[in-house]
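*Asks:* Protein chains in written order, with the numbering used here: chain A, 1 to 126; chain B, 1 to 191.
Honestly, the hints are just simulated from the structure, not real lab data.
Incorrect hints may appear among the rest.
[As the list claims (entries may be wrong)] No farther apart than 20 Å at their CA atoms in a straight line, the calculated lysine to aspartate or glutamate pairs in the EDC-like style are these:
1) K173/B - D22/A
2) K81/B - E16/A
3) K168/B - E7/A
4) K129/B - E7/A
5) K168/B - E3/A
6) K33/A - D57/B
7) K33/A - D22/A
8) K33/A - E154/B
9) K177/B - D5/A
10) K173/B - E3/A
[What the hints assert, rightly or not] Just some of the chain A residues that point at chain B, by a computed CB distance under 7 Å:
11) L34
12) A116
13) F117
All figures in this text were calculated on a predicted structure; none of them were measured in a lab.
Note that CB positions come from ideal geometry on N, CA and C, so glycine has one too.
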Amino acid sequence: MAEPDFEAQLSRMFAEAPSFPDAPLFNAQMEAKLDRGWAIRRMFIAAAGTAAGLFAAFQILSSRFSSEISQLSRTSGHNLQGEIDAGVAKFNAVLTSSTSAEALWLAAGLAVVALAFAVTRAVEEL
Amino acid sequence: MGIERPPTGHDVELAALAAAGDRRAYGELVRRHGSAVRGLLRRMGADPTAADDLAQDAFMVGFEQVAEYRGEGTFGGWIKKIAARLYLRRVKREARLIFSDAIEPTEEVMARDVSRDAANRLDLDEALKTLSRGERLCVSLCYGADWSHGETAEALNIPIGTVKSHVKRGLDKLRAKLARPEEGARREAHG
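This is chain B alone, in the form it adopts within the complex (with noise of 0.2 Å):
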C-alpha cells in the first residue's frame, strides 16, 4: 500500500470533493486556511484558546455547509465570514459586546506593548490590541473578514453610522502605531 498523499488542487475543487464527504480534500483546505482563520480570531480580540476553538468549530460548520461554497469568492474568506459570525454570536451571548468609548487599552497593555517588541516595532496584531473593543471589532471585520460596512452593522445590529465612525477612528489610531516605526528611522536618519 502506498503512502497517501494529501490531495492538491485549488480551492473550489477542494470544496467540491470535500461536499461529495472527502474528509481528505477537507483537511486540506483547514491546512490552507487553518492560521488565517486562527488569526483572524485574534485579531478581533479573542483570546488564544477561544480563537482555536472557533476556529475549529468554524471548520466543522464550514465542512456541514461545504456544498453551499461554489467558488463566488475565495474559500478563505468564505470560511473567515463563518468563523466571525461565530465569535460575534459568542461575545453577544456573554454580553461582553460593549461599544462604549470608555473602554479603550490600558496602560499597562500599551506597556506591554512596547517593552515586549525591543525594536519599538508595533506589527498589526500589537496595534490592533491599542483600539477600543468595537474599534477593533469594525476594523478586523472590514478589513480582516471583508465585510461590508453594512453587513457588519447589521452583524453587530448597530447603525451604520457607528460603524463608520469605529472604522475611521480605528484607522487613524493604526496609521499613527503602524507609521511610529518609520517615522523614527526618518528621525535616526535625519538626526
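If we strip away everything but chain A, and leave its shape as in the complex, we get (with noise of 0.2 Å):
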C-alpha cells in the first residue's frame, strides 16, 4: 500500500472514535463534576460578596468615624491626644446611638440575609 493511502487510512481509523459500553456513565459523571465545578464557582462568588458586603459596611461606619474626628478637630483647640480621646468617646456613641445602632444592625442582617441565600443556593447545587 502506497505511503499517502495509508496515512490517509490510519487517519480515518483515528477518527473513528472507539464505542465504549460505559459511555453514559461516563457521560453521567462529568455532568456530575460540571455541576459541582459550577455549584463551588457560586459559593465562592456568593462569599466573595458577602465578604465585599461587610468590608463595605464596614468603611462606611469608619468613614463616619473619621468625619467625626476632623470636626473635632476644627472645631477644638485642644491637644491631638485630647481630640483622639474624645473621638473614640464619640465613636463609641456612635455605635450606642439608636441610628448609628440601626445602621450596623441592618448591614450586619443584610449580610446575614446575603450568607443565607449564597449557602441555600449552594446547597440547591449540590
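Got two chains here, separate frames each, mind docking them using the hints?
*Replies:* Below, the structure written as C-alpha cells:
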C-alpha cells in the first residue's frame, strides 16, 4: 500500500471513535463534575460578595468615624491626644446611639441574609 | 413541566452556549466527543482508568477555556489537543517518558494480542500496542490529535528529526500489522 494511502487510512482509523459500553456512565460523571464545579464557583462568588458587603459596611461606619474626628479637630483647640480621646468617645457614642446601631444591625442583617441565600443556593446546587 | 431535551445544533453553536455558562450544551459536547477523547488517550498509552480521569480533566479544562474556541478547526480536534497535552504533562511528571528504542513491546504483549482475537485480526488499538512508547506517542499525536511534527517535537521536547523517525518506524510497523489480515485472506484465497 502506498504511503499516502496508508496515512489517509490511518487518519480515518484514528478519527473513528471507539465505542465504550460505559459511555453513559462517563457522561453522567462528567455532568456531575460540571455541576459540582459550577456550584463551588457560585459559592465562592457569593462568599466574596458577602465579604465585600461586610467590608463596605465597616468602611462606611469607619468613614463616619473619621469625619467625626476631623470635625472635632477643626472645632476644638485641644491637643491631639485630647482630640483622639474625644473621637474615640464619639465613636463609642456613634455605635451606641440608636440610629447608628440601627445602621450597623441593618448591615449585619443584610450580610446574614446574603450568606443564607448563598448557602441555600449552594446546597440546592450540590 | 416538560421533559428537558438535550440541546441540539452544531458543535460551534453548542460551544458558544457553553461559553455563556450553559452546562447542558457542554454536556452534549461531552456526549459527542467523550469516546473519541477517551480512545485517543488509550491509544497514546494511558491505561483505561487514567485515560478516563484525564478525559474528564480535559473536558473540565475545556469548559473553563471554551470561550477561546471560536470554530477554527473542529471542537473534537480542539478538545483532543487539550487531552493530549494533559497526558504528556502527566507522563513527564511521572518521569515515564523514555524515548529509547530498547523499550519495545514484550513477547507477552505480542502473544496476548494474537490470542485475544480468534481471527488473528489486529485492529488499530491492538496494533498500536506493538509500537515502542516513543513511536506510539508520536504516531498518536500526529494522526490522532492532528499535531504537526513540529508541535509534537516541541511538546515532547525532542528534535523534530526524532519525531519523524519515530513516526516512520511506527507507520512501518502498523502497516505490517494492519496489512496482515488482508495478506492472510489473500493467501487463503490462493491456497
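*Asks:* For which of the previously enumerated hints does the structure constitute a violation, in increasing order of number?
*Replies:* Hints 1, 8, 12 and 13 not satisfied by this model.
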